[in-house]
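Residues per chain are reported as follows:
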Amino acid sequence: MADTMAEIAVEAALPRPLPPRAHEDPPWVRRTLIGLAILVMAVLVVVPLVNVFVEAFAGGVELYWQNLVGDPDTLHSIYLTLAVAPTAVILNTIFGLAAAWAIARFKFPGRAALTALIDLPFTVSPVVVGLFLLLLFGLQGVFGPWLREHDIRIVFAFPGLVLATCFVTFPVIARELIPLMEAIGSDEEVAAVSLGARPWQLFHLITLPSIKWGLLYGIILCNARAMGEFGAVFVVSGHIAGKTDTMPLRIEKLFQEYNLPGSFAVASVLAMLALVTLFVKTTLEWRTRRELEERKRLSAQGGEA
Amino acid sequence: MNDVNRRILPGFGLSLGYTMLYLNFMIAVPMAAGFWKASSLSLDDFTQAAFSDRALAAYWLTLWTSFVSAIVNVVFGGLVAWVLVRYEFPFKKLFDSLVDFPFALPTAVAGLVFGSLLVEGGWYGRFLVPLGIEGAYSRLGIVIVLVFIGFPFVVRTLQPVLESLERDVEEAAACLGANRFATFMRVLLPSITPAVITGFALAFARSLGEYGSVVFISGNMPYKTEIAPVLVVNRLEEFAYAEAAAIACVLLSISFVTLLAINLLERWSARHHG
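Chains as they are written, first to last, in the numbering used here: chain X, 1481 to 1785; chain D, 10 to 283.
The hints are simulated quantities; they were obtained by calculation from the structure and are not laboratory data. Note that the structure is a prediction, hence the values are computed from the model and not measured. Built from N, CA and C at the ideal position, the CB exists for glycine as well. It cannot be assumed that every hint is accurate.
As the list claims (entries may be wrong) - Partial selection, computed: residues in chain X whose CB lies under 7 Å from chain D:
#1 Ala1517
#2 Gly1550
#3 Leu1619
#4 Gln1620
#5 Phe1647
#6 Ala1751
#7 Met1752
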């Protein structure tokens, strides 16, 4: 009897292989699914990405460089994009901060509707947006005669490009900031105000430091979208080469002229921009998460003390 | 807490006022101009412009290519989200950040690249064209670029939901004798259904308005491969502004209905699974 008891005890003490965990998939399922997912990503993302650069550099580095800077119209499109996108980003940053402050910090009637309205550009076709701007500011448009009288050009000119870009990209920063500010909460801001902080001090000493990474990411993503905007800009620009062609429009024009190497050269610059955006995003997300955790830990300690 | 905020924190009137002003300027005013232009047509002319055979073919093409690509994205996106949440494998972080690539890449670049991949002699085309699969300048091409464009939406909607699922439930199902397949079908699938629907709707809505990538790959043949936004541009290039506005109004209505449906779905899923 004692013998068997000892046997049982010894057996229980021996390391035994763990039974397969009930919520884990069998290895063959796991391997198949991982393989399929990698295949999907390769076909959909990696191969196209590689293709852009292979096509762009197909004629060698020298020809690539020539395609970019040798063509004055292409060069101008790069300058124009570098002017339009930052202007739109600045306007949208101010809007994003205002919208996030109103929506994440206060309760008011129509708050849900306002949040939904901010998403509108994600679903409205950019072409429709461009058309409406044309109908508003174009020669035949509502303000057309008045604008002509005062010699102000909006459509087929820089302001129109900025407006179209602004519309398409304005949700990006607000969408990034609203959930972040809701997650952070308003305790610190309320404390600062009760300690006598003025509005400007409140913003740049309390709010801005806590949202800076999220804001930066929003700005970078908004910039990427702004530089790449096609549909709305296509309609309002009038595609005047060397005047109102931005980089994406230049890609289309070179493509229509069967100048594929030139088209791919411009495309490779924009693809590079997308890669940089992704890299910054990954880094910043990691930082924001760490700071939020730190914040939680500190406030938990404060609660205990 | 939020009610207290309004008495304590500054800037409520200023920030809300500015937000409303900006949105008005960006959305309400241009939209009014669009409807004003469309309303300059008589009802008959409007119907003729907005519901001509060519326009109807374009709406139909836009709707079904968006629908098919969103379905494909549910499968692909579901697979990728599942693998990212549940399994470990080398370069997973890199894999994860590449999911957002279609969102960061300008649509014109996407159209250009998929066009060059799918033509005869392109990296994909040289295998597909001999099989009789014409990717470039076809409806298939439209579906392919729309899958690319909508891909991140499904993955990013599903990922947090899959992460929040409790593993205990699956263990309980296994203890009660369910195999993995039954657990997936009867325990996991019902709880991720709302997220799947939301992801589908987002990808669908995004595809409805897509222009930049499709214009490179579809060939834009009336009645065959001409999607609705391309038709709007073609009408514009004929200087038929009112006709273009009529089609745009129909497109806009479709967008509104989709947006409304997404919001109702989100509310519904929050109530049932919140």
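Hints versus structure:
1. Ala1517: Cβ of alanine 1517 of chain X sits 4 Å from chain D, so the hint holds.
2. Gly1550: violated (20 Å)
3. Leu1619: violated (10 Å)
4. Gln1620: Hint on glutamine 1620 of chain X: holds, closest Cβ of chain D at ~6 Å, below 7 Å.
5. Phe1647: Hint on phenylalanine 1647 of chain X: holds, closest Cβ of chain D at ~5 Å, below 7 Å.
6. Ala1751: holds (6 Å)
7. Met1752: violated (10 Å)
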